[in-house]
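Undergrad: Spelled out, the chains give:
2 protein chains.
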Amino acid sequence: MTLSSARMDNPSFITVPVPLGDRAYDILVGRGLIESAGARIAALGARAAAIVTDDHVGPLYAAALAASLEAQGLRVSVTTLPPGEATKSYASLERVCDAVLAAKIERGDLVVALGGGVIGDLAGFAAAVVRRGVRFVQVPTSLLSQVDSSVGGKTGINSRHGKNLVGAFHQPSLVLADTALLDTLPLREMRAGYAEVVKYGLIDDARFFAWCEANWRGVFAGDHARDEAVAQSCRAKAAVVVRDEHENGDRALLNLGHTFGHALEKITAYDSTRLVHGEGVAIGLALAFRFSASLGLSPQADAERVEAHLKAAGLPTRLSQVPGSCGTVDELLDAMAQDKKVKGGALTFILARGIGRSFIAPGIAADEVRTFLAGEISA
Amino acid sequence: MTLSSARMDNPSFITVPVPLGDRAYDILVGRGLIESAGARIAALGARAAAIVTDDHVGPLYAAALAASLEAQGLRVSVTTLPPGEATKSYASLERVCDAVLAAKIERGDLVVALGGGVIGDLAGFAAAVVRRGVRFVQVPTSLLSQVDSSVGGKTGINSRHGKNLVGAFHQPSLVLADTALLDTLPLREMRAGYAEVVKYGLIDDARFFAWCEANWRGVFAGDHARDEAVAQSCRAKAAVVVRDEHENGDRALLNLGHTFGHALEKITAYDSTRLVHGEGVAIGLALAFRFSASLGLSPQADAERVEAHLKAAGLPTRLSQVPGSCGTVDELLDAMAQDKKVKGGALTFILARGIGRSFIAPGIAADEVRTFLAGEISA
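Chains X and A supply the protein sequences, listed in that same order.
Going left to right, the first sequence walks through residues 0 to 378 as numbering that gives the first Met the number 0 numbers them.
Going left to right, the second sequence walks through residues 0 to 378 as numbering that gives the first Met the number 0 numbers them.
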């Protein structure tokens, strides 16, 4: 079975169009894309490109990407930042903006983000604000960034008040998701990214969830299932983004599993040795389905099926799996109330009426959540 | 004679609509607007307002503005920054964003910029990026900001590579231009702002330039001519911005006088004791008309009329009036070539075929400029 119905750019590449009017762009998915990146990026018509990367990814791919761009006649600069969430800071923003300006990037030129979500968010934000907006290209190098952060145009940095609280909506001009780059990704990061893949099935595509159950080993192993999973995730996210570019409505569905997940990240102090984002999302997805079942909205069997698949893929699904402590009921509630998706003091959850049938549930009473979490903690 | 054909909000206030589709907003112009600011801002539907101001303006008006907002039931915070161009920095951006987040401003709430161009540009940029965009209101307190920087949605900060190189297009939700606030403005600042008023006539409205010649004393004295001049300037700028919101074409006409002006600001090291922006613009306007005349594009008589009016209003019109040195021909050319409006190495000027008949002239040869400037310096 193949999910692909998109036009093919090349027998081995899948093209996912993101039809956002005058901000429309393509996401290309496939093995070995980085080798032809220069020609594809040069086709956008720029005369110069400022590559932004980190100390993990830069040494592996930056020189080849730069050479590939230079071979097309582009002027190229490379800025390399420390890896990790702490790089999404005001100081890094200043550093990247200054580097982009020093590289004499003008409005027709490009910033190229080569890295995971941190680099994509930071470099995209710099591109949004240098000269009040220059174009940028995403070359995401992790599964998480290929299926999530590189699609949709959300860019930004963290503030002392929370993650991603300062930023811009700025769509890329092109996304090159080279799935061969994932061959060197640590298994834990691969699993964490896979939680977001599963999420797209759970939101509104039961068929894709079933496909994941049948094909997840190929995704991890790197056969064509990986390309399909990345492409289908991008299609799913693009469809939501096209309906609601600036997150005034439907886009909130993408937060399935994230209200619980963000609370767990907060409680573990964003310490990636304890919990990475995708692990929080995996536990959050399992909790969202068990919470939906406990409210009588969704069959218990669906919650069990969700948990079984996440477990099979090596992901955590229970609060007890959070290393150290997952916090008390009140600490979890506090952490959820501080999440930026909380509006006007009411708790908004993404709940489900079954696999592939999620919906936005505003105004969930704190007491309902409290009772549910107390049961989960003592389980 | 009255220039006003806009709908009247109140016998003493003029409303200038800026019809930018779903980003449309009104500019209100008149004496005493700040007294009713609370009700007007509250009518936008926010629950909280973060006022951003500086040490010059804050002590005069912030408490009254805050009280006026609180009387409407809004939660209000005030952040006060040092006055001056140095405040348009990354550090100030971080400070304002943090203050806005600490004030728990959500997407429906407001940032209120109370000050001149520096505060408007900085607070507007913070509003553009906090939570990827919250609304903001401009309460401009200088003539320059009332007729220029508060209209058009350009926001930003300075970089070590140049002024306004990092920012966003972010339209305000409302502009309240209280012309009574200008009563306490130093005469030098009033004159500097007036150079931008004259500019609008010179760009494409010979009738308005003639009106300025007849009414400039009233503008300075603060009679109804001041309100008319501010309103007509806002109408003129709004018309250009509506045609070209993101500065891909016509908006460049607003740079009449600015290529020379920016070069002079650069050569005087942005030292406001030597030259303020509007003074650079005044000299730049006179130079643009004399350059146009020297190229045989515009009547010599028009250049003389422009100079006569700027002189009458107390503004400089000659390079020899720059305190200290205005630099050599080569220094001036270098400074112009570094201006961000230079594209692809060619010098672009805004020239004129006469008063009210300016146009974008790309690809002006450096030698033409050199010859003209040599004559001006030795004059």
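These aren't lab readings, by the way, just hints derived from the structure by calculation.
There's no promise every hint is true.
Said to hold, decoys possible - Computed list of lysine-lysine pairs in DSSO-like fashion (alpha-carbon distance at most 27 Å, straight line):
1) X:K103 with X:K162
2) A:K265 with A:K310
3) X:K265 with X:K162
4) A:K310 with X:K103
5) A:K265 with X:K265
6) A:K265 with A:K162
7) A:K265 with X:K162
8) A:K103 with X:K103
Undergrad: If a hint holds in the structure, say so; if it doesn't, say that too.
TA: Hints and how they fare:
Between K103 of chain X and K162 of chain X the CA atoms are separated by roughly 30 Å; this puts the pair beyond 27 Å, and the hint is violated. Among the hinted pairs, K265 of chain A with K310 of chain A is consistent with the structure: their alpha-carbon atoms are about 23 Å apart, no more than 27 Å. At most 27 Å may separate the alpha-carbon atoms for a hinted pair to count; K265 of chain X and K162 of chain X meet this at roughly 10 Å. Distance check on the hinted pair: K310 of chain A and K103 of chain X sit about 39 Å apart at the alpha-carbon level, beyond 27 Å; violated.
A distance of roughly 47 Å separates the Cα atoms of K265 of chain A and K265 of chain X; the hinted pair therefore is violated under the 27 Å criterion. Among the hinted pairs, K265 of chain A with K162 of chain A is consistent with the structure: their alpha-carbon atoms are about 10 Å apart, no more than 27 Å. Taken as a hint, the K265 of chain A and K162 of chain X pair is broken in the structure, with Cα atoms around 38 Å apart against an allowance of 27 Å. In summary, the hint linking K103 of chain A to K103 of chain X is not supported, as the alpha carbons are separated by about 37 Å, beyond the 27 Å threshold.
In summary, the structure is inconsistent with hints 1, 4, 5, 7, 8 from the numbered list given earlier, while agreeing with the others.
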